[in-house]
Each structure stands twice: as C-alpha cells, then as structure tokens.
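Now for the letters of each chain:
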Amino acid sequence: MKKIQIFGLVIIAVAIGIIVSTAGDASTYVDFTKAKEMAQDGDNESIHVVGKLKKDAAGQILEMAYQPEIDPNYFEFTLVDNNNVEQKVIYKNSKPQDFDKSEQVVVVGKMKDGSFSAEKILMKCPSKYENGKMETTEHTAAKS
Amino acid sequence: MIHSTIGSAGHLLVIIAFVTALVATFAYFKAGMAGGSIEDTLTWKRFARIVFYTHVAAVVGVVFSLYWIIGNHYFEYHYAWKNSSLSLPTGYTISSFWQDQEGSFLLWIFWNVVLGCVLIFTNRSWEAPVMTVFALVQAFLTSMILGVVIPGLDLKIGSTPFLLLKEVMPDLPVYKMDPNFIPKDGNGLNPLLQNYWMVIHPPTLFLGFASTLIPFSFAIAGLWSKKIQEWIRPALPWALFSALVLGVGILMGAYWAYETLNFGSYWNWDPVENSSIVPWLILVAAVHTMIIGRRNATALKTSFILTIATFILILYSTFMTRSGVLGNASVHSFTDLGLSGQLLVYLLTFTVVSIALLVYRWKSLPSDDEEVSTYSQEFWIFIGATVLCLSGFQILATTSIPVYNKIAEAFGTILNMALPADQISHYNKFQLWFFSIIIVLTGVGQFFWWKRVGKGNLQALYNPLLIALLISAAVITFKGVKDIQYIVLLTTAIFAIVANGTILLNILRGNYGLSGGAVTHIGVALMLVGILFSSAYTRVVSINNSGLMISRSEEFTSNDNKENKENITLWLNKAEKMGDYMLTWRDVRVEPRHIPGYIPKSWVDIVEGDFHAVALRDIVVNNKKYNSKGDTIEIFPENFYYEIEYREPSGRIFTLFPRVQINPRMGGIVSSPDIQRKVDKDLYTYVSMVTNPTAEPIWSKTENFTVSLRDTFFVNDYVAILDNVVRTEEVEGVTLGEGDAAVKAIVRILDKDKEFVITPSFVIRDRLVARKPEVSNDLGLRLQFQEINPQTGQFTFGVNTTQRDFIVMKATEKPLINILWLGTFVLVIGFIMATIRRFKDFVKMRNKEEAQAAGQTKAKTKVQVA
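Chains as they are written, first to last, in this note's numbering: chain A, 109 to 252; chain B, 15 to 880.
One should not assume that every hint holds.
List time: in silico DSBU-like cross-link candidates among lysine-lysine, alpha-carbon distance up to 30 Å [what the hints assert, rightly or not]: (1) K209/A to K420/B; (2) K465/B to K110/A; (3) K220/A to K443/B; (4) K315/B to K110/A; (5) K228/A to K695/B; (6) K196/A to K218/A; (7) K469/B to K209/A; (8) K228/A to K377/B; (9) K615/B to K209/A; (10) K111/A to K443/B; (11) K142/A to K469/B; (12) K160/A to K493/B; (13) K180/B to K232/A; (14) K420/B to K228/A; (15) K232/A to K420/B; (16) K443/B to K493/B; (17) K44/B to K142/A; (18) K232/A to K170/B; (19) K218/A to K420/B; (20) K228/A to K198/B; (21) K44/B to K591/B; (22) K465/B to K163/A; (23) K110/A to K377/B; (24) K111/A to K377/B; (25) K111/A to K493/B; (26) K218/A to K443/B; (27) K315/B to K111/A; (28) K591/B to K228/A; (29) K209/A to K315/B; (30) K144/A to K591/B; (31) K180/B to K110/A; (32) K198/B to K209/A; (33) K111/A to K469/B; (34) K715/B to K768/B.
For the record, the hints were derived by calculation from the structure and aren't laboratory data.
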C-alpha cells in the first residue's frame with residue numbers, strides 16, 4: 109500500500125470519529141415528560157427543554173424565587189413546556205438579567221430529585237430594538 | 015421636513031451598482047475568454063474597466079448617502095432611527111453604520127471595491143478573469159441591499175437601508191395624526207457596542223472576509239485560463255494578507271468579548287465565532303499548501319481545493335449568521351431579514367460553479383511521478399495542513415447542527431438535535447490534540463523546510479527537543495500542571511517555541527525577511543500556552559464563604575453543600591471577605607463625558623431620557639474643579655459603574671469599576687467586567703445582579719415613633735437613639751429667611767459593626783412647616799421629622815424602610831493571559847513579514863514578465879520594419 113493511501117485511510121478514520129462523536133455529544137430538544145422518562149431510565153445526558161414562564165392572568169410570573177440576600181447562587185422558577193407540563197427548575201447561579209422579560213426560555217440540564225437542574229439558560233427577550241423579533245441571550249451555570 | 019432626496023439617491027445608486035456589477039461581470043468574462051482577436055479582448059477589457067469604475071463610484075456614493083443620513087440624524091429614516099441617536103458620541107456614529115445587516119453588507123461591498131481597484135492597478139495581466147469573479151460577487155452582494163420588489167411575482171430582492179420609518183412601520187398610530195412625523199431622537203446604538211473595539215473590529219473582520227475573495231478569484235482564474243501553477247505567485251501574498259486581517263479581526267472580537275461581555279472569557283464557541291474561525295483555519299492550511307504547490311502536484315491540487323473551500327466557507331458562515339437558521343443556538347446572530355433564499359442562492363451558485371470548474375479541469379492538473387519522501391519538507395507541511403483542516407472540520411460539524419435540523423425539516427422529518435450541552439469539553443476533546451499535533455509540526459516542518467535535517471540526519475532536532483523537555487518539566491512542576499492533555503499541549507507548544515526559535519536565530523544571520531514563518535509559529539505557540547493557562551486554570555475567587563447567611567434557611571442547607579457558590583452578595587459599604595481579599599462595595603458612579611474618571615451618582619441628577627445631568631454639588635475631581643453646583647453636564651446616560659474596593663492581605667487597596675448598562679429602549683440591564691491587570695494574571699470582576707440604579711426605591715408604609723431625647727427605638731431591626739435635637743441655620747435645598755426657624759434631629763443608628771448618624775430636619779418657614787427627610791442607602795431607611803410636641807417634650811418621626819441596596823458579583827482569576835496577547839502580537843508581526851516577502855516575490859516576477867513581454871513586442875516591431 110502506498111503512503112498516500114494509508115494517509116487517506118487515517119484521515120477518513122478521524123473524520124468518522126469526529127462525526128460519531130458529534131452525534132454522540134449532541135443534545136436533543138425534548139419536553140418535560142420525556143425528560144422525566146429519561147431520568148427514570150437512568151439516562152444521564154443533558155437535554156434542552158423549551159418552555160415559557162408560568163404566569164397568572166395578569167401576566168405576573170408565578171413560583172419564581174431568587175433571594176440574593178440569603179443565597180445569590182440559588183434561583184428557582186417554574187417552566188411550562190410546549191405540552192403545558194409544568195416543572196420546577198433549579199439554577200444554581202445568579203438569576204439572569206432581564207429574566208422576567210423573557211418570552212421563551214430554553215433550559216439545558218437534566219432531571220434531578222424531582223426538579224430540573226439547569227446548567228444553562230437561554231432566553232429570548234422581546235425587544236423594541238429588534239422590531240418585535242426575538243433576541244437571544246445565554247447564561248451558563250458553573251460546572252459542579 | 016423629510017429629506018427624501020438623499021434616500022432616493024442612495025437607493026438609485028444601489029441599483030446602479032447592481033447593474034454595473036452585472037455588466038462588468040459580462041464584459042470581463044468576454045475579455046477573459048480566449049478566442050477573440052487581441053483587439054476585441056482589449057476593447058472588452060477597457061469597457062469592463064470603465065463599467066467597474068462606475069460601479070466603484072456608485073458604491074462610494076451609497077456609502078456616503080447612508081453615512082450622511084446617520085451623521086445628520088435624519089431620524090425619518092428607519093436605519094438612522096433604529097441604530098443611532100443624538101446622544102451618541104461621533105466616534106460611535108461610525109459604528110451605527112454597520113450595526114445592522116444592510117450596513118454590514120455595505121461595508122463588505124466597500125472593501126471589495128477597494129481591493130478590486132488595488133488588483134486592477136497592481137496586476138494587469140490577471141485582470142480579466144480575476145475581475146470577472148470579483149464583479150459577480152459584487153452583483154450578489156449589492157443584490158442583498160437592493161430592496162426592489164419584482165412586480166407581479168411579489169418577490170422582494172434584498173433589503174435596502176434607505177427606507178423611511180414610515181415605510182417600515184406604516185401602522186404606527188402617530189402617522190394617522192401627522193403623516194410627516196419625524197422622531198426627535200433615535201433608538202441609539204446597543205450600549206454593548208459602544209466600545210472602541212466595536213469601531214475597528216467589524217471593518218477589520220469584513221476586510222478579512224472580503225480579502226478571501228482574492229485567492230479564490232485567482233484559483234478560479236487559474237483553472238479557467240489554464241494557468242494551473244502561475245496563479246499561486248500573485249495569490250499567495252493576498253492569501254497571507256487575508257489570513258492576517260481575518261485573524262486580527264477574529265482576535266479583536268475575542269478581546270472585545272473578554273473586555274465587554276460577561277461570558278468571562280474571550281472565546282465562547284458561539285456559532286458566530288466558530289463560523290469565522292473555520293474559514294481562517296482552512297485559509298492557513300491553504301497558505302501552506304500554496305507555498306509548496308509549485309513543486310508538488312498533490313499540494314497544488316490541494317491548494318485549489320482549500321482556496322475554494324475558504325471562500326465557500328465564508329459564504330456558508332454568512333448564510334448561517336444571517337439567515338436566522340441558528341435561531342436559539344447563538345447569542346449574536348442577526349435576525350432574518352427575509353434574505354435566506356437569496357443567501358442560499360449566493361452560496362449554492364459559487365459552490366456549484368467552482369466545484370464544477372475544478373472537476374472539469376481536474377484531469378489537466380499535473381500529478382506527481384513518484385511518491386513524496388517522509389524526509390521531505392512537502393511531507394511535513396502537507397500533514398500540518400491536513401490536521402488544520404481536520405480541526406476546522408470538527409468545529410464545522412458541530413456548529414452546523416442547527417443546519418441539520420433545517421435540512422431534515424425540509425425532508426419532512428424532525429431531528430430535534432441541539433448543540434452539545436457542554437460545548438467546551440466537546441470541542442476540547444478534539445482541538446487540544448489537533449493543536450498539539452499542529453504545533454509540533456510547525457517546529458519539525460521548519461527544520462525540514464530549511465534543510466537543517468534530512469534522511470539519516472536528524473541530529474539537529476535533538477537539541478531543541480532536549481531543551482524543550484527540560485523547560486516543560488520545569489514549568490509543569492512549578493505551575494502544578496497535572497492533567498495529561500495539558501501536559502502534552504504545554505510540552506508541544508514549548509517545543510515549537512524552542513524549535514522555531516532555533517530556526518529564527520539561524521535565518522536572522524542571513525536574511526531576516528525570510529523569517530516570517532518561524533515568527534508566526536512562535537506566536538501561535540505562545541497563544542496556545544496563554545490559552546491553556548488562562549482557560550484551564552481559571553480560578554473563581556468569589557467563592558461564597560458566608561455559610562452563616564445560607565444556614566438561615568433550611569432549604570439551602572439541605573442542598574448539596576458542595577455545590578458551587580460562585581457569586582457573592584455585597585451590601586452597600588459592608589466589607590465582605592472574598593478569597594484573600596476584603597471587598598467593599600462603595601458607591602454607584604456615572605460617567606461624565608468631559609471629566610476624567612467616574613463621579614458618584616449622588617453628585618448629579620440625571621435628566622430622564624437625555625444625556626445631560628444637573629450637578630447637585632461642585633464637581634471636583636483630582637483637586638480640579640470642573641463644574642459648579644447647578645451646571646448641566648454631559649454624561650453617558652446608560653453607564654453605571656459599581657465602585658468595588660479590594661483590600662489585599664498586604665493592606666494595599668485597589669478599586670475596580672465593573673459596569674452595568676441600562677437602556678430602557680433596548681430593554682435591558684447589561685453588565686460588563688472590569689479587569690485588574692497584573693503581569694502574571696488578570697483579576698476579572700463583574701456584577702451579575704444589581705438593584706436598578708434608575709428605579710425609585712419602593713418604600714414601606716410610614717411607621718411613626720414618638721420618643722423623648724435619649725430614647726431608644728427599633729427601626730428596621732436596628733437600634734436607633736435620638737441623641738439630640740439642635741437648632742440649625744442651614745438646611746440643604748431650603749433658604750431660610752428672617753423669622754424662619756429650623757431644627758435637626760441627630761439620630762444614631764447602630765448596625766452590627768458600624769454607627770450611622772441620620773439628621774432629618776424640621777423647618778418653619780413663612781409660618782408653614784416643612785419636613786426634610788433623610789435617606790440612608792446603607793440601611794435602606796428614610797427618616798422624617800414629623801412633629802415636635804412642646805408640652806411633652808417628645809418628638810415624632812416617620813420611618814419608611816426599603817430593600818437595602820446590594821449587588822451580586824463574581825470574580826475570577828485568569829493566570830498568564832498576557833502570554834496569549836503577547837503571542838497575538840508575535841503572530842501578527844510574523845504574518846506581516848511573510849506577506850511582505852511574498853509580495854516582493856510577486857512584484858519581482860511581474861516586472862520580469864513585463865520586461866520580457868515588452869522586449870518581445872519590440873522585437874516584433876523591428877522585424878516588421880525590416
């Protein structure tokens with residue numbers, strides 16, 4: 109076999125490795141029902157869940173707590189996913205700025221002891237600036 | 015009055031630019047086609063050049079029109095209204111130009127015409143085929159800002175920046191009342207972009223994007239006119255220039271992110287960042303294969319593939335960031351302007367045409383007779399280029415995940431793939447090893463390149479290897495590097511520095527002009543060392559140790575106590591221990607425009623919705639008086655700085671001012687860090703939450719206390735003592751006349767470790783009672799002197815309480831980050847040296863060819879005469 113052929117084979121092998129690893133590391137968008145099933149099956153993978161904040165008729169956000177005077181690193185809220193399933197979410201970091209204004213929230217993390225433990229929060233805030241279009245911001249919790 | 019002329023002129027010029035670009039494409043194409051008579055070719059070429067110059071003039075006119083609209087604050091135009099405001103300092107008015115998509119396309123178009131003109135002047139022999147590609151790209155780019163609706167088809171082509179606000183939002187109620195309504199002020203520039211880096215980063219990056227077109231055009235021209243090898247000489251200096259500018263542009267963005275965003279890092283693996291680094295990696299690989307492409311056929315073929323790939327990846331990156339395909343995935347992508355279809359056509363046209371041309375010519379490309387030797391320079395450079403490509407491929411494969419979802423959607427399946435939850439470890443898993451290999455190859459490659467080593471003659475490499483191992487061992491021990499992958503990266507990077515340094519010393523004795531490669535490689539190696547330490551050994555300093563606070567609540571103690579507590583809460587003027595430091599939040603400050611530094615917010619009263627403030631006292635900074643009480647001064651109304659005092663164990667004190675920007679129109683509170691720069695590390699601090707400095711505090715219901723002198727009472731859980739009530743001659747904000755009287759109470763309030771004195775006043779003026787309350791932000795307390803009862807000798811005070819002011823902040827240490835910036839400088843210098851060297855090569859060859867050509871014509875005329 110010629111050197112160039114060996115070389116080519118090595119490259120192809122690495123490229124396949126990259127693709128397989130990308131597919132393996134890629135997270136998925138699921139809903140809370142599926143997230144709970146995954147947790148029960150012992151699947152420890154981090155997933156994305158899209159949802160909205162729980163609000164009352166007047167637009168007030170319900171079940172959200174952040175008390176920096178007690179613990180600036182503990183923020184909890186309730187997220188309603190696209191199938192209207194409610195779930196308590198815990199984010200062990202400071203509350204993201206402008207969280208209250210977000211229209212849509214994506215939480216990245218996994219179910220843990222009955223609540224969703226978020227590692228990362230992505231928000232879509234309406235902003236006049238974008239003429240009614242959404243703007244996204246990202247917040248990451250520190251790794252434990 | 016609505017200034018409609020300038021907008022119409024701009025719009026017309028865009029259309030002219032588009033049409034001339036199309037005509038120039040055709041004319042240059044005709045000139046480039048072989049077969050016509052020499053005279054025909056010349057006529058076409060001359061015509062094409064004139065059309066292209068018209069195009070240049072039109073583009074300059076468009077740029078001027080848009081700038082005129084922004085610079086003169088014509089807020090009747092949507093673009094000016096959306097992106098600028100009266101309060102914007104002049105420097106940043108320039109950035110509002112490219113703040114939006116249309117403007118950034120325009121910037122790109124502008125750089126292309128500049129580069130096009132340079133090419134026409136420096137390189138006549140390649141003009142026709144190269145400029146065909148250029149003009150075609152210009153046609154596509156100008157079409158993006160065309161803003162023309164094709165009648166009948168309802169098809170909109172491009173989005174023009176010259177729309178009036180009325181045309182964009184015709185439904186605003188104000189237009190029913192006044193059709194000629196012009197907003198008084200604009201929305202302003204996103205405060206995050208009001209940064210000097212944002213004035214130079216986008217033009218640099220777009221110059222980088224634009225310049226990738228040049229090597230691409232030469233490659234296409236080479237294929238087209240069958241100058242299979244000759245294209246490399248003129249293209250190489252441009253490829254180097256492009257790699258330099260694009261690299262600098264990316265790094266500026268990284269530095270801006272480090273200084274301004276609170277990611278806490280210079281690189282976030284954001285799709286937008288990734289999609290600009292991938293073309294750069296491929297371009298660098300292309301530069302390397304081009305260097306050996308004239309000697310080695312495989313490298314020549316690869317050069318074609320890589321230069322074409324670079325340009326197509328730039329288009330792909332444009333498509334990703336501007337078509338809205340990224341959606342949730344990115345923090346700073348543009349929103350969809352409805353151009354996705356057009357962008358896709360642009361991307362696909364160039365992909366298909368260039369691949370087709372390459373396939374068509376593939377057979378006529380040369381191939382190597384014998385296999386390349388493992389001991390040759392070509393072999394090592396080729397391996398290096400391959401690993402660079404793999405590195406780019408890995409980043410691209412992951413970044414494109416949102417695109418896979420879209421493609422699946424187009425085929426009717428739902429993929430629901432998301433970016434990896436832990437992106438850093440995902441990318442590191444590959445990139446760390448790729449870059450370890452790449453950096454070793456830079457050293458080994460240089461030794462083979464300069465023929466310091468060869469088959470059976472590898473001794474020259476032993477010394478650098480030995481030295482590198484010794485230094486690495488010392489650094490690893492000294493710095494306590496434990497993870498195997500970091501040890502590998504560190505050792506390889508140090509080897510690269512030593513090996514390239516050895517070569518550098520060798521060549522310096524001869525001709526320093528040739529040392530660009532070695533210098534660049536040293537820069538990269540230094541950058542890797544800097545990245546390694548500053549990222550992998552980042553240490554959070556603000557670990558929340560105040561267990562007391564947390565233990566107050568059951569819920570928090572029941573949490574896993576090992577959980578990271580990386581943010582700490584600071585109360586106004588209360589010292590808190592953080593790592594080795596004692597921290598105190600002192601004040602909120604604002605930024606005046608013509609006074610150095612920041613001044614306390616309490617010194618001024620900010621005029622709402624304006625960029626002016628009224629001084630509440632004389633403004634004295636550094637013993638120099640700038641303004642008197644009552645003066646109106648200019649400030650940056652969005653910026654608030656949190657004065658945080660750090661006391662080191664040695665007693666040394668320094669102050670950091672992390673910034674919070676509040677822009678109600680943008681709907682946001684945005685925080686930016688402040689950095690204490692030391693030689694060996696940066697201390698990086700930002701506030702993650704504040705009580706809104708522009709909001710009025712919400713006070714509790716008034717509670718009244720009636721007390722005698724020396725009595726003690728409890729307010730908001732604090733012990734308060736009424737020490738005395740004294741007559742006073744001066745009350746702030748009140749002028750006392752004849753027969754008026756004023757008293758003030760001296761109330762002492764005891765906090766845990768500190769005493770506060772609050773002095774509310776009670777004024778009788780013109781027989782009317784005025785009560786001047788006093789507020790303590792430290793305690794979240796307002797005290798008002800309500801009543802004096804002369805009979806009982808008792809005094810009544812009204813007390814309101816509010817949330818005490820606090821901030822939540824985070825601080826991290828980034829060791830050795832300066833090595834990264836140092837490496838950047840070295841890299842830039844190396845690239846400049848290499849570019850100059852290759853440009854000189856090209857000029858030498860061009861002049862030689864011209865002289866030859868001139869000689870030939872002369873000979874011909876002589877023959878004719880004879």
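A quick look at each hint next to the structure:
1. K209/A to K420/B: holds (28 Å)
2. K465/B to K110/A: holds (25 Å)
3. K220/A to K443/B: The given pair, whose Cα atoms are some 26 Å apart, holds under the 30 Å limit.
4. K315/B to K110/A: holds (18 Å)
5. K228/A to K695/B: holds (27 Å)
6. K196/A to K218/A: holds (12 Å)
7. K469/B to K209/A: violated (67 Å)
8. K228/A to K377/B: violated (52 Å)
9. K615/B to K209/A: Holds. K615/B to K209/A sits at ~27 Å (cutoff 30 Å).
10. K111/A to K443/B: holds (28 Å)
11. K142/A to K469/B: With a Cα-Cα distance of about 61 Å, the restraint between K142/A and K469/B is violated, given a limit of 30 Å.
12. K160/A to K493/B: Violated: K160/A and K493/B sit about 46 Å apart, past 30 Å.
13. K180/B to K232/A: holds (27 Å)
14. K420/B to K228/A: With Cα atoms ~23 Å apart, K420/B and K228/A stay inside 30 Å; holds.
15. K232/A to K420/B: holds (20 Å)
16. K443/B to K493/B: Holds. K443/B to K493/B sits at ~22 Å (cutoff 30 Å).
17. K44/B to K142/A: violated (62 Å)
18. K232/A to K170/B: holds (28 Å)
19. K218/A to K420/B: holds (25 Å)
20. K228/A to K198/B: violated (40 Å)
21. K44/B to K591/B: violated (75 Å)
22. K465/B to K163/A: Not OK: K465/B and K163/A at ~72 Å, beyond 30 Å, violated.
23. K110/A to K377/B: Satisfied, since the Cα-Cα distance of roughly 21 Å is no more than 30 Å.
24. K111/A to K377/B: Since the Cα atoms of K111/A and K377/B sit roughly 22 Å apart, the hinted pair holds (cutoff 30 Å).
25. K111/A to K493/B: violated (41 Å)
26. K218/A to K443/B: Distance of about 22 Å is within 30 Å: holds.
27. K315/B to K111/A: holds (17 Å)
28. K591/B to K228/A: holds (28 Å)
29. K209/A to K315/B: violated (54 Å)
30. K144/A to K591/B: violated (41 Å)
31. K180/B to K110/A: Measuring from Cα to Cα gives roughly 69 Å; hence the hint is violated.
32. K198/B to K209/A: The hint holds at about 27 Å.
33. K111/A to K469/B: holds (17 Å)
34. K715/B to K768/B: Given pair K715/B, K768/B holds - Cα atoms ~26 Å apart, limit 30 Å.
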